[in-house]
Amino acid sequence: MDFDLFVNILYATIRTGTPLLLVALGEMVCEKSGVLNLGQEGMMLMGAVTGFIVVNHFDIVALGFVSAAIVGMLMAILFAVIVLFLNANQVATGLALTIFGSGLSAFIGADYEGKIITSLDSLALPILSDIPVIGHILFNQDLVVYFSFAMFVGIYLFFKKSRGGLILRSIGENPDAANVIGLSVLKVRFLAICFGGAMAGIAGAYLSIAYTPLWTENMTSGRGWIALALVVFASWRAERIILGAYLFGFASIIHLVAQGLGFAISSNLLAILPYAATIVILIMLSANKNKLKLYEPVSLGKPWFKKH
Amino acid sequence: MLRLEARPEISTFWSYVSPILAAVLTLIAGFMLFSALTDDPLQALSTFFISPIADAYGISELLLKATPILLCAYGLAICYRASVWNIGAEGQLLMGALIGSSVALLFVDSTSSMAMPLTLLAGVVGGTLWAGFAAMLKVQFHTNEILTTIMMNYIALNLLVWSVHGPLKDPNGYNFPESALFGDSTLMPILWADTRLHIGILFAAIVMVLTWVFLRRSFVGFQIQVLGLDPSAARMAGFKGKKLTYLVLMISGGLAGLAGAIEVAGPIGQLVPSVSPGYGYSAIIVAFLGRLHPVGITLAGLLMALIFMGGELAQIDLGLPNAITGVFQGLLLFFLLACDVFIRYRIVNVPKLLPTNSAS
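Taken in order, these protein sequences are the chains called P and B.
Per the working numbering, the very first residue in the first sequence carries number 1; after that it's consecutive.
Per the working numbering, the very first residue in the second sequence carries number 1; after that it's consecutive.
Everything labelled a hint here was simulated from the structure, so no lab data went into it.
If you're wondering where the values come from, they're calculated on a predicted model, not measured in any experiment.
It is possible that part of the hints are untrue.
With a Cα cut of at most 20 Å, we get these calculated SDA-like pairs of lysine to any residue [as the list claims (entries may be wrong)]: (1) P:K302 x B:L25; (2) P:K187 x B:M1; (3) P:K306 x B:K240; (4) P:K289 x B:G241; (5) B:K240 x B:I343; (6) P:K306 x B:I343; (7) P:K302 x B:L4; (8) P:K289 x B:M1; (9) P:K302 x B:I343; (10) P:K289 x P:I254; (11) B:K242 x P:K302; (12) P:K289 x B:Q140; (13) P:K291 x B:Q140.
Covered by chain B, according to a simulated footprint, are these stretches of chain P (three or more residues, beta-carbon under 8 Å) [unchecked claim]: (14) 132-140; (15) 215-224.
In this text, a Cβ means the ideal position worked out from N, Cα and C, and glycines have one as well.
Sequences and hints are given; from them, build the entire structure.
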């Protein structure tokens, strides 16, 4: 394999991993507060379609991402109201959010299939992008990739260093105790869910505005679900989420590698790889199930409401 | 101030009323949606929900559409009763269609009376094994079945698409990604003359009765429900949780596989990439809406089939995207979940006693 191809593959790996990284980081924050939101796929799709439509009409890429974040957040609020204030089952509600999101996005996006938009350009960072090899791979990307780097660092520090991170974690570990010492469990969970929604919206918009850049029905093709597995794989740690996201990014573009190496394998068969890899990783995780339990937020998925 | 208070016992009344209320709320939301999109929302609503079944042919199409949805949903209900969250009916259906078609294509020029039964059997086997693999992952490796079954949906879809582009592609099909048309001996016999309704609906009716008998009258069915309600009680009673997990998933997968084979050997008549417009996913909504009860599921399944038909007609008559079906499905499930709150909680009016309620 020649060197240029190798560099290009790594470059594409970062791009492909970016939406996964964004959703998974958002979902990790949400799960750390004790809420399992299986609606990632639905929120991503709504973000993707919103971003695409906005850029199609107004031709302002930034506006596309902002509105995608807002719509993702609105979807998350719908979820939050039902699980936090009506105490509904989080698994079922998350599924409902995905079904609703894929239906609604297909509906409002139906007239936009096949349309073209101005996509997000790459932006070489001065000095950094001049570093040989790595400079091109990491710092000749687009703004959203840099945003995902920043979110990674921010979330990492938030949990390691900040008081807010501590509050969020304590609510996920033991909401009753957190409530007793005066923390507002539902408020924090609400905010965490909203954050997850905004991140999913941006991730979806990245697919429709930067990555493809096209809108097609169900274009996220399971990335929201893979991100959910990724959070478990990363045992709720940001530094492992970024690793996992790029690993899956690589698995998703392996058909390019195969083509580059001259293998003639059907792209439909290679498309199976990320999903199969997810299953393999879930199997591997089971080998140390007890260790995993140590990292899992104790109250994850359990409804909590104030008792009097 | 209104707040939720846990009921001492779950409300049977609300568990029956909630799905009906959810359906009514969906209609109201549909009216609002149509008000925004069309000039005559009432007319649009009637186009969506009444016109599709206004004549006998419409009824036959409703039953035809309901068949795969119902077969999937009965199986899912058995899984969900055991608290096994099989989201993979779609993939199991697609595998049933794929394996069933592989057999059907052996009989293209044959007049054998075994062609149709063997095709359906192959579909059942395909779905059963596909779900059995998910059961193995859950039992042996404790993987989360929601994630694994969803991943397997995507894998099944890609396998199907690959096979119609590759090994199962019709050699005389001008390179379209479709299999050859199945032989007449493979196609499902028509039940109602001059319609497309075939004997598949009878299978659904039989499965409905069997599911009821299985859940309500058999010891294994009882064990499944204990496992779902209280796994530790099931363990204490000596029920074999692992075997039951295999059983429920494989029954459910087999039924979904049958649904897939019935679709390709029925109205479609060949293997195409778009075998299912998401029947396996809508069956999840149907199972919940039908309260995991065979009779309830049958009613919910007919409603779901109507929503699918309404979406198609809305596209033709109102010029709305067919995807409106998905919007209605999502709304229905959301309203159901929200209404279900009243099964376990009631709203009470708590008067504010203190000027500040920070002491709560």
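Status of each hint after checking the structure:
1. P:K302 x B:L25: Answer violated: K302 of chain P to L25 of chain B is near 27 Å, above 20 Å.
2. P:K187 x B:M1: holds, 18 Å
3. P:K306 x B:K240: Violated, at roughly 38 Å.
4. P:K289 x B:G241: Distance ~19 Å between K289 of chain P and G241 of chain B Cα, so the pair holds.
5. B:K240 x B:I343: Roughly 31 Å between the alpha carbons, so the hint for K240 of chain B and I343 of chain B is violated.
6. P:K306 x B:I343: holds, 19 Å
7. P:K302 x B:L4: holds, 17 Å
8. P:K289 x B:M1: Roughly 45 Å between the alpha carbons, so the hint for K289 of chain P and M1 of chain B is violated.
9. P:K302 x B:I343: The given pair, whose Cα atoms are some 18 Å apart, holds under the 20 Å limit.
10. P:K289 x P:I254: Cα-Cα ~30 Å, so violated.
11. B:K242 x P:K302: violated, 25 Å
12. P:K289 x B:Q140: Roughly 12 Å separates the two Cα atoms, so the pair holds.
13. P:K291 x B:Q140: OK: K291 of chain P and Q140 of chain B at ~17 Å, within 20 Å.
14. 132-140: violated (count 0)
15. 215-224: holds (count 3)
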